[in-house]
Amino acid sequence: MDSALIPEGVKRCSFKAFCLWLLVIFGVIGWGLLGGFLVLWKGLNVTGLNDYFGFGLYITADLAIIALGAGAFFTGFLTYVIGKKELKDIINLAVVVGFICYTGAQLVLLLEIGQPIRGWFSFWHPNVHSMLTEVIFCITCYTIVLTIEFLPLILENRQLDKVPEFHFFSHNLHEIMVVFAATGTFLSFFHQGSLGGLYGVMFARPFAFREGFFIWPWTFFLFVASAIASGPALTILVTMMVQGITRKKLVRREAISLLAKVTGYLLAFYMLVKILDTWWWATHTAPNMGVSFSEFFQAPYGLWLLFAEIVVCGIIPAIILLTPKAREDEVLLIVACVLDCAGIVINRFVFTVQNLALPVMPFDRLEIYVPTWQEWAPTVAVIAYGALLISLSYRYLPVFPRERELNPID
Amino acid sequence: MSGNKSGKLRYGMVIDVDKCTGCMTCAVACQQENNIPFREDETKKVRSITWMEIFYLDNGQPYPDHRKAYLPRPCLQCDADPYPPCTFVCPVNATQRDEETGLVSHIPVRCIGCRYCISACSYHARYFNWWDPKWPKPMEEMLTPEVSTRMRGVVEKCTFCVHRLQLAKEKAFLEGRRELEEGEYVPACVEACPAKAMTFGNLADSHSEVAKLSKSPKAFRLLEKLGTKPKVIYLSSQEWIHKLADNVV
Amino acid sequence: MKLDRRAFVKLIAGGVGGTLLSPLPWKLADDTAIWSQNWFWRPSPERGGTTAVKTVCQLCPGGCGIRVRLVNGKKAVNIDGNPSHPVNQGGICPLGASGLQYLYGPSRIETPLKQTGQRGDVTTLKPISWDEALEILATKLRGMRQKARGLVCVSGKRQGTVPELFARFLHAYGSPNYFSMPAAADAESLGMLFSQGQSKLPGYDLENAKMIVSFGTSYIEGWGAPARMLLAYGNWRSKSKRDRVRVVQVETRGSLSASKADDWVAVAPGTEAALALGLAQVIISEGRYDRDFVNQYSHGFDEFRRLLQRNYTPEKVAAVTGVEKEKISALAREFAQAKPAVALSGWGQGRMQGSIYDFLAVQSLNALVGSLHKPGGVTTTPSVPLAAWPEVVLDAVSLEGEKEPRLDGASEFQAPLPASLFYNLVKNINQGKPYPAQMLWVYEANPAHDLADVKPFIEALSKIETVVSFSSFMDETTQLADLVLPGPTHLERLEDVPTPPGLQYPVFGLSKPVLMPRFATIHPGDILIKLAKSLSGGVASSFPWSDYETALRQRMKGLAERGSGRVADEPGVEPWKGGQGSNLAPNYDSFDDLWDKLGEHGCWYDTSAAMPSWGSAFKTPSGKFEFYSQIMRQIGIRGNDITYLPHFEQVEPAGDPNEYPLLLVPYETLIINNGPVANPPFMTKMLFDFELKGNDCFVEINAKTAASLGLKEGDRVAVETERGSLKARVHLTGAARPDVVFIPTGLGHSGFDSYIKGKGVNANAIVVAQQDKVTGLATWWGTRVKIYKV
Ligand SMILES: Nc1nc2c(c(=O)[nH]1)N[C@H]1C(S)=C(S)[C@@H](COP(=O)(O)OP(=O)(O)OC[C@H]3O[C@@H](n4cnc5c(=O)[nH]c(N)nc54)[C@H](O)[C@@H]3O)O[C@H]1N2
Ligand SMILES: Nc1nc2c(c(=O)[nH]1)N[C@H]1C(S)=C(S)[C@@H](COP(=O)(O)OP(=O)(O)OC[C@H]3O[C@@H](n4cnc5c(=O)[nH]c(N)nc54)[C@H](O)[C@@H]3O)O[C@H]1N2
Ligand code: SF4
Ligand code: SF4
Ligand code: SF4
Ligand code: SF4
Ligand code: SF4
Ligand SMILES: [Mo]
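Protein chains in written order, with this note's numbering: chain F, 290 to 699; chain S, 19 to 267; chain H, 1045 to 1834.
No wet-lab data here; the hints were simulated from the structure. Incorrect hints may appear among the rest.
[Said to hold, decoys possible] Computed list of lysine to aspartate or glutamate pairs in DMTMM-like fashion (alpha-carbon distance at most 20 Å, straight line): (1) S:Lys152 <-> H:Glu1090; (2) S:Lys62 <-> H:Glu1154; (3) S:Lys236 <-> H:Asp1287; (4) S:Lys214 <-> H:Asp1287; (5) H:Lys1170 <-> H:Glu1154; (6) H:Lys1756 <-> F:Glu297; (7) H:Lys1360 <-> H:Glu1347; (8) F:Lys538 <-> F:Asp291; (9) S:Lys62 <-> H:Glu1251; (10) S:Lys86 <-> F:Asp653; (11) H:Lys1118 <-> S:Asp59; (12) H:Lys1158 <-> H:Glu1179; (13) H:Lys1383 <-> H:Glu1251; (14) H:Lys1254 <-> S:Asp59; (15) S:Lys86 <-> S:Asp99; (16) F:Lys331 <-> S:Glu58; (17) S:Lys62 <-> H:Glu1347; (18) H:Lys1748 <-> S:Asp76; (19) H:Lys1477 <-> H:Glu1444; (20) H:Lys1801 <-> S:Asp36; (21) F:Lys373 <-> F:Asp653; (22) H:Lys1771 <-> S:Asp59; (23) H:Lys1499 <-> H:Asp1165; (24) S:Lys86 <-> S:Glu193; (25) S:Lys187 <-> S:Asp150.
The whole structure should be built from the sequences, with the hints applied where relevant.
This is the structure we're talking about:
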């Protein structure tokens, strides 16, 4: 039925099956929309947020999504700027994933602020000292860049491509993609760093606060590192997932292996920096503020979180990714990427929730944050939104340039 | 937004914890003065708006050595250099420190409700409007005309009753004066305190009552070690209270 | 001019460009901020000029001067303290500051109501006109005039012209049954009568004392005149080290009053008086008492000393109170040395009558150190020189009525004493003895909620044909009324506010309407006058005034004629500083001038009368302070020598100790109002979440008690006494004595509005009031209890 839209020379599931799949996705999205609608209609009182937890699941999700979206800029950087041609197999998907992450994050951000109607004030009355201003500016600009990067792919749809103007436009965009990749890299680099500053500057919050060298440049690069060490892992995971679901080989293994290897190095580097940061924080920053390290970890936000973040989701996946034999193993590769991504989620959770849960005044008490379904639903719906965009892109756009070559139709 | 250029006006408050009887009049007076809404159930404290919050302290000892004290906490109007923790982070300049007076303002109509400032303030001095404010039918009548009610989705906090400064200035202006006398501008909570446990004035004027009290050996600030430099200073001669104010290990 | 295409495009482009360059679009964009704040559902305060009017708060007997700020002269938007009022000096208490929440409270009653269905069913309380309401009442009163004694009146207000009008009405009508809600003042006035020969109330010169020992009073949590006490506390703490005032709190619970004292002496429940006697014993045996006073101005000292020597040595007192004997001796020495020192009595906020012996024990301590009628000590509250009204005109019926026994006189006690025995009243109404109560009037009181051990009272209501409430609010008693005659609130009415309890100088406050009454309410004073006029005979003749204002003016003439005293018209007046006897020339020159000035400033005070000398202070048969009371004997109280001496009698808590192993002790805090009006939202909001959470209130227990019962912080429990059971949650605290359960009073309302209804439980429902065997006055701290998880 929709065969006219499907790229030439590739096989897609039946339209009926596709519709069924979309139905599932729309179900989840509908749930998310309902949750989001309730938040907008009734207010944030339907969430688990409160005056202790000004930030919660939404912000955790936003920060994690944006970090994981770094796969786009970083793959682009490797492909266009460094010139790793193998990665051309995967760059389209990386851009789609990045686009999903950034637009998804902005949708969630809209729910997160108490006055969405005034969201634009951050452009209107910007406070240049606020990390949030910096983040909002960068994310917006980078979303525009991602849109530009995504556009040629959309225009390459079989029917759209027939329009000469579109064809011409997308072709020319392709030619100058290196410019956008570089711009995106620059922007993304900056806001990923700023995201670290978001917490690092809270000098009345000993858990998040870093001082001197450990805020600039340390925290800045720490957060950049955390993003580029996990974003590509998500790109790999999504690729593997699409391959798994379609039961097709869509990307050459070299591309995946290369990305996995680079991720491994980055993760190892990130871990090194992170451990140094933690060590300095535990032995210098915190004691200087009159707080002992152990005070930072109170049940349920115990030391297990630190262990999970650094050992289970940091060191272990780094070892896997750096071991050529291990990363060639499909299962181990997936495990490593999942752990890597989980690590970044834990990191963003810890800085958001654990940071706020901890009592700062000695007579204060630890509070526990439990998100409500109205928070889970839109967050999960962003994943469904991602699935929707990927499904549509995969079905109607030439996302994988090597697909025809790797899956010849008899 | 500009950095901390301490001038000749630094409004501040001294609260004598030993004198404070824990009567909570200050908190009630603040609610009345600033049109702070109330709900049928206000027992979920992490969502209850109290610009003047009363913290409960105790010395942790068993009966009969147990002692408690109540610690009234307005916004501490941090004088940190260059910025208070909260204004530093606000993306839209909805909260700023007026460098002429040292007052940390908050403009509800500017605030987008991102709650970054809530997260940044370790004193829990900032509150989000989780609900639209509502007053049971006739009680709308008692809203004071100087302070607008806030709507759902924005943050609010103690302003040191800045509208009272405005009124005092207007009065002085009409009388042809450019400067205020001590005692012309006093927040509602300070005025209401039946034990006279609170003193308000210009910390930068070494002759003022607050300046003198702030130099007392009994003086301390909440979480001094964080460098937030609160302009609300507490007094107590009890060691356990000093200890509880500052998390020094 | 021709508009060609080019010119047109230019015009449009210019227009667009111009608009963009103009401030307009930017201003409009900026305005979004404002309109997104000003949604129509967000209330906007009315703008307008404000004025401040001074009046007097009447939400408790504290008598504070207040200022009410009005917008456009008609909307009250703020209440704060009046800086020129000597009692509160510009400060205010949380209740007073919440006053507008009563004026504009959703539970206000707008018109008279008549119960048209089952009593207690609020939905069948139907609005009626004032004419109809007064006619109903007048008809009933005419009908029962021959049994006038069946009319019972309960006033929550103890003093002032309105309670006097109620008492007068009953007197003229022929009923002896005018009662006040029980309070410590009942025991105090009796104790003063027995020891000093006049049933005046004690006035404490706390501002000049150097040491204060409080025997169980909530001295900063609502005892006495609350705002005055808070001010005094602040002043004590402002003094230099050399003049430091020492405050010692003797109490079972680690209350705020205990924590804020320099020393907290934690005594076993109900043994405060034993400790006072222990101190007296040490002071006497070490010869530290005021010899001049004791030798020349006291009677029965030897008997008292012998009793102390026998029963109240530090060892014995230590065994009873649980306080180490060294601490008892040390405290006694300190008290005797710190001159002037004063001891306070009256449990909690003073809502419990208490034993006269407890009062006498503490007053004896004051007497021993020479603190009676001395600066920094305790004297009597001076009277305000009001003019008398004409004598009540007694007709045949009321003359008959005067001979009737009061409904609170019961044979099992040696009563009737010159005090009201409220718990006897309740008992007797229930038994219909010695005669049935036919009609009950309730004024400024909410006994159906506030009376400790409330169940028998509610039962008693069912024995009464007609219950009339004069309340402005839908309180629990009013819910049970047959006829409701709502009065104006404290901000809408003219009324005198007498000297607050515990004050050492006389104060007369005048409250006036600061704004138009919000509803068609009628002042109770005017209701009584109208009612009296519609009855014939002595009742009508006893109320010769056209309205309440005329009646009030008549009494206030006395003030104008006094020739001393001032209207407090400037800030910073501290009457205690010059001390009593510092002559104050009036700052008004006629009655009208006084009336106007009082209307403007709200308060008259005087310090002209000196404290009585020891030679003239005591109106006892001996003319001295009587440790050994001869008056008790004279009025017919039988007993042995100990009966007439201050002593300590252990109250046996009510309930079977095997079934109820713990002790239930109610406690009062300033942030939960215990008066006739329920807690306002402003105050309820301030409760900690270990005091109220959702609709659950908390009982305080010690961690040891909790451990022995297997309870953790926040557990839901049943709190059960022989009177019944309540549900609450437990809060573990070092403030609680092991084996004692502390329960807050003032919660558990079923009346009023949704801001208080159903929050917490009413402790009064399960405490048992126990009457003193000699006087019949009640205590209610000692109820055995068990708690268990539910
Ligand atoms: N200023 C002021 N006024 C008050 C009060 C107050 O404290 N101060 N208290 C109020 C209260 S609580 C009350 S109960 C009322 C009391 O007010 P009233 O009922 O007016 O009581 P008394 O003023 O004591 O007067 C009782 C009258 O009864 C007379 N009398 C005494 N014995 C007998 C007797 O055997 N037979 C007859 N026929 N007459 C007798 C007395 O001579 C006296 O005239 O006053 C109220 N008015
Ligand atoms: N010699 C003599 N003695 C009498 C009488 C008499 O006629 N002659 N009359 C008797 C009669 S009928 C009565 S009713 C009694 C009345 O005598 P009391 O019971 O002593 O009542 P009042 O004299 O009205 O004063 C009550 C005191 O309580 C204070 N007070 C008011 N409200 C409160 C409150 O809510 N809490 C506390 N703690 N205090 C409060 C007031 O300031 C006042 O000091 O006196 C009896 N005693
Ligand atoms: S009003 Fe004064 S005494 Fe009362 S709680 Fe506030 S600071 Fe303390
Ligand atoms: S106390 Fe909090 S809200 Fe007030 S100035 Fe300091 S950081 Fe800001
Ligand atoms: S909540 Fe409002 S005041 Fe606070 S940081 Fe966000 S915009 Fe600024
Ligand atoms: S200064 Fe004003 S706004 Fe701040 S707590 Fe006091 S009354 Fe409230
Ligand atoms: S102490 Fe009593 S009289 Fe004074 S303000 Fe409070 S409620 Fe009113
Ligand atoms: Mo009486």
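Worksheet entry | lysine 331 (chain F) paired with glutamate 58 (chain S) [C-alpha distance capped at 20 Å] | holds (17 Å)
Practice prompt. Mind checking the alpha carbons of lysine 86 (chain S) and aspartate 653 (chain F) for me, to see if they're no more than 20 Å apart?
Written response: Distance ~15 Å between lysine 86 (chain S) and aspartate 653 (chain F) Cα, so the pair holds.
Worksheet entry | Pairwise hint evaluation, glutamate 1154 (chain H) against lysine 1170 (chain H), where the allowed Cα distance is 20 Å at most | Within the cut-off at roughly 11 Å; holds.
Item to complete: Would you mind confirming whether the straight-line C-alpha gap from lysine 1383 (chain H) to glutamate 1251 (chain H) stays at or under 20 Å?
Response: The given pair, whose Cα atoms are some 13 Å apart, holds under the 20 Å limit.
Worksheet item: Within 20 Å, alpha carbon to alpha carbon, are lysine 1499 (chain H) and aspartate 1165 (chain H)?
Response: holds (18 Å)
Worksheet item: lysine 1801 (chain H) and aspartate 36 (chain S): Cα distance at most 20 Å?
Response: violated (35 Å)
Worksheet item: Taken at face value, is the distance from the CA of aspartate 1287 (chain H) to the CA of lysine 236 (chain S) at most 20 Å?
Response: Since the Cα atoms of lysine 236 (chain S) and aspartate 1287 (chain H) sit roughly 18 Å apart, the hinted pair holds (cutoff 20 Å).
Worksheet item: Holds or violated: are the alpha carbons of lysine 86 (chain S) and glutamate 193 (chain S) at most 20 Å from each other?
Response: violated (47 Å)
Worksheet entry | Hinted pair lysine 1756 (chain H) and glutamate 297 (chain F), Cα distance within 20 Å | violated (70 Å)
Discussion item. Does glutamate 1251 (chain H) sit within 20 Å of lysine 62 (chain S), going by the straight-line distance between their CA atoms?
Written reply: violated (40 Å)
Worksheet item: Regarding the pair lysine 152 (chain S) and glutamate 1090 (chain H), is the alpha-carbon distance no greater than 20 Å?
Response: holds (16 Å)
Item to complete: Decide if the proposed pair is consistent with the structure: lysine 62 (chain S) and glutamate 1154 (chain H), CA atoms, cutoff 20 Å inclusive.
Response: violated (33 Å)
Figure legend: structure checked against the earlier numbered hints; hints not met, in rising order: 2, 6, 8, 9, 11, 14, 15, 17, 20, 21, 24 and 25.
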